[in-house]
Amino acid sequence: MPSYQFNIPAVYKGWNWSERFPGDEELRRYFKHVDNVLGLSEDTFFKTIVTRVQWDNTSRRWIVHTDTGLIASCKYLVAATGSSYKKHYPQFNGFEKYSGQLVHSADYPESLDVQGKRVGVIGNGASGLQIVQNLAKENCELKVFIRTPCFAIPMKQRIIPPEESEMMKGYYDGIFDRCYKSTAGFPHNTILQSALQASPKERKELFDELWARGGYSFLVSNYYDFLLNEEANAIFYDYWAQQVRARMTDETKMDIVAPLKQHMLVGTKRPSLEQDYYDMVDRPNVTVHNLKKSPIIEFDSTGILTGNDETTEHHDLDIVIFATGYDAVTGSILDLGISDKNQVPLAEKWKEGTLTYLGIMVPDAPNLFMVYGPQAPTSLANGPPFIEMEVDWICKAIQKMQEEGLESVEATTKAAQEWKDHVYAVSQYTLYPKTDSWYMGSNIPGKRREPLIYLGGMQNWWQKCTSALEGWEGFQTLS
Numbered sequence: 073m074p075s076y077q078f079n080i081p082a083v084y085k086g087w088n089w090s091e092r093f094p095g096d097e098e099l100r101r102y103f104k105h106v107d108n109v110l111g112l113s114e115d116t117f118f119k120t121i122v123t124r125v126q127w128d129n130t131s132r133r134w135i136v137h138t139d140t141g142l143i144a145s146c147k148y149l150v151a152a153t154g155s156s157y158k159k160h161y162p163q164f165n166g167f168e169k170y171s172g173q174l175v176h177s178a179d180y181p182e183s184l185d186v187q188g189k190r191v192g193v194i195g196n197g198a199s200g201l202q203i204v205q206n207l208a209k210e211n212c213e214l215k216v217f218i219r220t221p222c223f224a225i226p227m228k229q230r231i232i233p234p235e236e237s238e239m240m241k242g243y244y245d246g247i248f249d250r251c252y253k254s255t256a257g258f259p260h261n262t263i264l265q266s267a268l269q270a271s272p273k274e275r276k277e278l279f280d281e282l283w284a285r286g287g288y289s290f291l292v293s294n295y296y297d298f299l300l301n302e303e304a305n306a307i308f309y310d311y312w313a314q315q316v317r318a319r320m321t322d323e324t325k326m327d328i329v330a331p332l333k334q335h336m337l338v339g340t341k342r343p344s345l346e347q348d349y350y351d352m353v354d355r356p357n358v359t360v361h362n363l364k365k366s367p368i369i370e371f372d373s374t375g376i377l378t379g380n381d382e383t384t385e386h387h388d389l390d391i392v393i394f395a396t397g398y399d400a401v402t403g404s405i406l407d408l409g410i411s412d413k414n415q416v417p418l419a420e421k422w423k424e425g426t427l428t429y430l431g432i433m434v435p436d437a438p439n440l441f442m443v444y445g446p447q448a449p450t451s452l453a454n455g456p457p458f459i460e461m462e463v464d465w466i467c468k469a470i471q472k473m474q475e476e477g478l479e480s481v482e483a484t485t486k487a488a489q490e491w492k493d494h495v496y497a498v499s500q501y502t503l504y505p506k507t508d509s510w511y512m513g514s515n516i517p518g519k520r521r522e523p524l525i526y527l528g529g530m531q532n533w534w535q536k537c538t539s540a541l542e543g544w545e546g547f548q549t550l551s
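Quick note: the sequence shown uses this note's numbering, first residue 73, plus one each step.
The set of hints was computed from the structure by calculation and includes no laboratory data. Some clues are possibly wrong.
Said to hold, decoys possible - Pairs of lysine-lysine, DSS-like flavour, derived with a Cα cap of 25 Å:
1) Lys169 with Lys159
2) Lys253 with Lys536
3) Lys423 with Lys158
4) Lys147 with Lys413
5) Lys169 with Lys147
6) Lys486 with Lys423
7) Lys413 with Lys364
8) Lys486 with Lys169
9) Lys413 with Lys468
To be verified - What follows is a set of in silico ranges between Cβ atoms, one per label pair, in the way DEER data are often shown:
10) Leu110 with Lys241: 28 to 36 Å
11) Gly379 with Met320: 51 to 59 Å
12) Asp464 with Glu370: 46 to 54 Å
13) Lys85 with Asp464: 35 to 43 Å
14) Leu406 with Pro181: 43 to 51 Å
For each residue, glycine too, the CB sits at the ideal point set by N, CA and C.
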């Protein structure tokens, strides 16, 4: 667990994790512990939504408007809006007619009564997997609507004894250091050999070892080229499909959730961790519906109608759960209603494609910094160590401004365009553009399809950030 937390000794010295992958209750206790140590809530406005952000050229400050009437001004503004906040509801005919209970995974209730009910789950990403994995154990009829099956690998959850958690703190410095210096923020070593150069025996031995280890080891400690070469990717897929199918008995379900014919490029959609997802899908109270063969036609008052040119089927449902994800990476920051120094809305500036410098700053937006935003490693990096690096850079930039007596700093359009071109060029060396995913912005109808994540890795990104800061390369400064 230490590689998923922040490197703050005052916090981790007084905390011991009880599971390899903590659940929601332990995470809540941890967040409370963090707040007790750092006092973050004292300076936080909760249940307050930012509705508009404008740069005032007279005071040279940002003016932030909220839905509570609170108005704040600041010299430096950090947009730490996260990648997954603005929930996405697909538009279906007759949606408003449905009289049952509707739930979005982003608003999942503390307790959802499914006992004896007919429950439908639309979506098969990380949220859909977790929901199905848990609801399948309940006394309900569960129907899972799948268009693109998720790629999930074993979590290998386990209890961590207090003495082990305490002992691990002696390794934290090394673990955190390795995270900062890695490609994706994990303390793992990628094998610098092509999967195609290894023998079938060598590959199987490595795959078996990493599969048994669990977590993201199967992806981040494996051969380097599975995200660069389709032939190598197919080898990964074949192994995964065989492992999954061996756990199931229902061949119809197998052919939907883990078909023998490769249906996706491994890793180009967000990979998920599962504990017993495929076992739960195999249960008799779970039905899997293939939306590619029989898509949703419409909702009515009692459920969902699916079908194709040959046949239709009505699904009576008491509850429909949308695990349909988010307008990821850019959706939440655009919802802030930011306008630059020329009063041009950010949504308008990005109409022809996202434009940032280093994934941290935007042209014509003085002293506006982004954390975990577009065109940075973001969602393809381990969040906590990556965010620490971004915030460290922002703090150094502000300190440098103060030392040099600068009033403001902003990215130049030229530097931002060059960074955008670099982000696009790097993506073409990978398999990511070949897949429709939220990494490419293609999960939202009408959204521009483009690489939203910098695919060059944390180290390359950090070197460019460090170099740019030394002499304000790519920035316009004002004293």
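Q. Which earlier hints can't be squared with this structure?
A. 5, 7, 8, 10, 11, 13 and 14
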